[in-house]
Each structure stands twice: as C-alpha cells, then as structure tokens.
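Asks: In this note's numbering, the protein residues as written are 1176 to 1474.
The hints are simulated quantities; they were obtained by calculation from the structure and are not laboratory data. Values in this document were obtained by computation on a predicted structure and should not be read as measured data. Backbone N, C-alpha and C define an ideal beta-carbon position, used for all residues, glycine too. A hint or two may mislead.
Derived CB-CB ranges, DEER-like [said to hold, decoys possible]:
hint	residue 1	residue 2	range
1	Ser-1379	Leu-1230	28 to 34 Å
2	Ala-1177	Val-1440	21 to 27 Å
3	Gly-1302	Arg-1183	19 to 25 Å
4	Tyr-1430	Phe-1246	41 to 47 Å
5	Ile-1450	Arg-1290	32 to 38 Å
6	Gly-1306	Ala-1181	24 to 30 Å
7	Arg-1183	Thr-1436	31 to 37 Å
8	Ala-1303	Ala-1435	22 to 28 Å
9	Trp-1381	Leu-1230	20 to 26 Å
10	Trp-1381	Ile-1249	29 to 35 Å
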Amino acid sequence: MAERKATRNGRIAMLGAGLAWSTAGLGQHALDATPATDVAGRALFAFLTLLVIVLLTEGPKALSSLRSLGFDGIVLALCLAISSGTFMLALNYTTVANVLFFMAAAPFLAAVLGRVILSDRISRRTGAAMGIAAAGVAIMVVGSLDAGVLTVFLPILMTATFAVVIVITRYRREVSMMPATCLSQGLIVVVVGPFASFGSATASDWRIFVVLGVLQMGFGLTLLTIGARALPPAEVALLAMIEVVLGPLWVWLAYAEQPATATLVGGTVVSVAVIVQATAREDSGQIEPERAVPAASPD
C-alpha cells in the first residue's frame, strides 16, 4: 500500500511539474530583456525560492545534505543548470512548440539510461505509451527542423541533460535532491549573470522573472524532485510530456502563435500517451524487486 501511494503521489507530482513548466512560453513572449537576462532573471528567483524550501525542509542540515550527495549531486546540479538554462535560451530562437517537440524525446533517453544504469524494467503499458508518444512526436516534428542550428542544438542539449537529471534523482532516491536542485539555479546566475543586462529590464520584465522563477521553475523543480524519486525514469519523463501539449496551447491562446495542423494532431496523440501512463495501476511501473536501493555515497 505504501508503494502504491508513493507511486500515485509521484504521478500527481510529475503532472503538476509539467503543468508548471508549460507556462514558460507565456512568460518568455512577454519579456523585452535580452536572452541572457531572461535566463539569469528567472534563475535568480528560482534559486531564492528553492533556497527557502531547502532551509525549511532541511534546516541546519542543508549544507551537510548537499555534501552527502557527492559526485552525483554535482552532476545533477550541472545537468539541471544546462537543461533549464538552454530551455529558456532556446525560446528566444524558435517557437515554443519547436522547443517542446524535442523535450518529447526525454522519455526515450530516460528509459535507455534507466535500463542501463538502474536496471529499471519498462512495463508493457509504459512501452505502449512510449510508442504512442513516439508517433505523436513524429507527427509534430514534420517540417520543424528548417529554422537553423540553434533551434536544433539547444533543445537537444536541453533534453539530454534533463534525462540525466531524472535518472540521477531516481538512482539516489534515498536522499533529497533539493539542495542540488537549488545549486543548479545558483550556477546559472553565476555563469550567465555577467552577460545579463539587468539594468535594461523593465518593471514588467522583473514581475515576469518573479513569476517564472517562483512558480514555473521553483514550484516545477520541487515537484520534479518528489516525482522522480518515486517513479522509473521513463515514466517520469513521459508524464512530464503534458508540458509538450499544454505549452504551445497556452501560447496559441494568448499570443495567436498558432501551431501547424501537424502540431495539433501530434499533440493530441501525445496527450493519449500521457493519459495511458497516468491511469496505469500504481504498481505497474515499479522496478524489479531484486534490485536493491543503492546505499548513500559516503562522500
């Protein structure tokens, strides 16, 4: 019962994370700042939000919790910084729909990494859902790769590093990854901040930075750390694909950035895949019982 409850809560958390992340395009379209300022501004308030959450949940053990993550925590922080940073940057060079199309490849990368590194099995239902999602992605990407190198490179880098984050969070599920998640946003501020032009940001830009940092990124990443500890990597990424469907929809409704017919059809197919996985029995995607949970790294 405890496993089933954890699985159910993990699925709810990942659907919530995908919903939060889907609002990024809405905020980015309303920003007038430079791309570097967009990335650093959102990361600044995400860092502050996550820092408060870490201090509330970890208390005086926050620093020791970060140290206990060792090499895994460093890799997660770096990959999450790259993934979230390139996501916001990519939105400045191509449409929301195009960026999210590539994110839809995350379940396949996470499934492969999860199988190789964690020996997580892929249930028949999850495999079927991935097949449905693959069909939806194939429909959506038709005609979307002719807009330049950055429109392809940035989303691919974003997706690959996101898949690594999912797998590490699952691998070290005996500890909270919140400190490393918080560190990832701090790294973005430190690396991208010197190239930002905060002085040129308008009052409206700052309000959007706050909303994106607190709700879209801070809230979304918090739910990710909850969901990724309870579910196999393939399922985590698959449920997060609700972002792929909702993101272009919000921008279409708000800014008339109308997706092509192929996008709408493919998005519908992806939605079916998410529903198939989200309604699975709570124990259908669990890891094989013979695999033990890895012990915490002594460093």
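Asks: Each hint should be assessed against the structure and marked as holding or not.
Replies: Hints and how they fare:
no., hint, result
1, Ser-1379 / Leu-1230: 28 to 34 Å, "holds (30 Å)"
2, Ala-1177 / Val-1440: 21 to 27 Å, "violated (41 Å)"
3, Gly-1302 / Arg-1183: 19 to 25 Å, "holds (21 Å)"
4, Tyr-1430 / Phe-1246: 41 to 47 Å, "holds (43 Å)"
5, Ile-1450 / Arg-1290: 32 to 38 Å, "violated (24 Å)"
6, Gly-1306 / Ala-1181: 24 to 30 Å, "holds (26 Å)"
7, Arg-1183 / Thr-1436: 31 to 37 Å, "holds (36 Å)"
8, Ala-1303 / Ala-1435: 22 to 28 Å, "holds (27 Å)"
9, Trp-1381 / Leu-1230: 20 to 26 Å, "holds (24 Å)"
10, Trp-1381 / Ile-1249: 29 to 35 Å, "holds (31 Å)"
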